[in-house]
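S.K.: Position chain B against the provided structure of chain A, taking the given hints into account.
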Amino acid sequence: MGLIQRVLDQAGISTISLTLVCEMTALVKPAKSLYVRHPFGLTLGAVGDRATHEGLLRECLAWAEKALPAGEIIESPYRWDLDDLRERQLRKEAR
Amino acid sequence: MRFEQRGAPVGSEEVVDFTVVEGEYLRSRFLSDFEWTRFDSPTDPVPLLKPVSEARVALVTTSGAYLPASQQPFDVRNPLGGDSFRVVPGDVAPEDIRLAHPGYDTRRAAQDLDCVFPLGALRDLQSRGLLGRVAPRHLSFMGYIPRTDHLLAETAPEAARILAEDEVDLAILVPS
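Chains as they are written, first to last, in this note's numbering: chain A, 1 to 95; chain B, 1 to 176.
Just chain B, same shape as in the assembly:
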């Protein structure tokens, strides 16, 4: 099924437009001038130049994952959110990761990190030859970023630089 570029999906079973609900929630509680960042034109897909079975794959999560032994947790109390990210090594043990995010109940995913940051599942696919290689570094944001100028100008380009430095062929972005 495909979707129109604006508005609710064609044939949607859901009557709730979450962008309206969430927008009103944020304006009433935190940011009276909140507006969604929007673009008129899509970005062009970058073709994958090799089969997935040969590709180096990185995850970009907005689950708020961080390494408590060496990294600060995301600030979940700031009404302005935050656009910083944490670098997560590809060989990290799931039990060394914690989640900090104001927008969802992290207790469920804390029991099974693959629910929001499927590094374990990705490694499993690699071990079975279904993808080339799990990237050496993965990136974790906390998805509540109501102010997006700095994200677009500084933080996300830095994330792109890291993935390019690691010669990542494909980034899979996973929201929470």
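Chain A with its partners taken away, still in its complex shape:
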């Protein structure tokens, strides 16, 4: 994801990405990212959680308007607290 973003940045397109793994983003260093500790496959939030989906999108839009240093990774306040899916995914114990 960050690699595609770098190419868009270099093509002159304004970008912001969500990232689920900030260490991965730190390796690639796209221009601007929003880190959210959600599970893989539930990037914007749980199934049917429209408030969180919209909230994260609005957060992206708000940060997109701000001038930040290159490579900035901002942490979103949203957290996944429904179960331990994210932790199991990070250990490759769940998909």
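Hints were generated in silico from the structure; no laboratory data involved. In this text the structure is predicted, and so the values were computed from the model without any measurement. C-beta atoms are modelled at their ideal positions from N, C-alpha and C, and glycine is treated no differently. Careful: at least some of the hints might be erroneous.
[Unchecked claim] Stretches of chain B that chain A covers, calculated by requiring three or more beta carbons in the stretch to come under 8 Å of a beta carbon on chain A:
1. 32 to 38
2. 43 to 54
3. 87 to 98
4. 124 to 136
5. 163 to 169
M.R.: Just chain B, lined up with the frame of chain A:
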């Protein structure tokens, strides 16, 4: 909260560095020589030259979304992954989209596409005047791309060309 450019985030609550876990997993199962592509310098942010309320916004997803009526699904069995992408019209109905990705369980997001490809939520924001316009085309990759040379040299530049052709002001990239 801000993060250092390398290593775990400052104040991280997580002790697992997924780049280590995933790297070892890929090397042991599929690609013994796998290494993460990395860069020393960040790309410069491109300023948004108009308010979001006037901007044309496109999504770039790595959820593996495709249109089964007219497009081939992504190959989820290839150990080398794939860097192709599918073009998804901005007015497509969510029920016309399917997901193919080897890296996450697509059954959850198949119930609610906005979990990984929030086109519905984006349209809703447009209808309420919170963004200018949903772009006419959005781009979908399958995020498992362990070999990145072709992506960087050919495929991603083609994606950029499409977004530029559509005069997209802002691309929001959504991983899965």
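S.K.: Are the hints correct? Go through all of them and say.
M.R.: Structure-based check of each hint:
no.: 1; hint: 32 to 38; result: holds (count 3)
no.: 2; hint: 43 to 54; result: holds (count 9)
no.: 3; hint: 87 to 98; result: violated (count 0)
no.: 4; hint: 124 to 136; result: holds (count 4)
no.: 5; hint: 163 to 169; result: holds (count 4)
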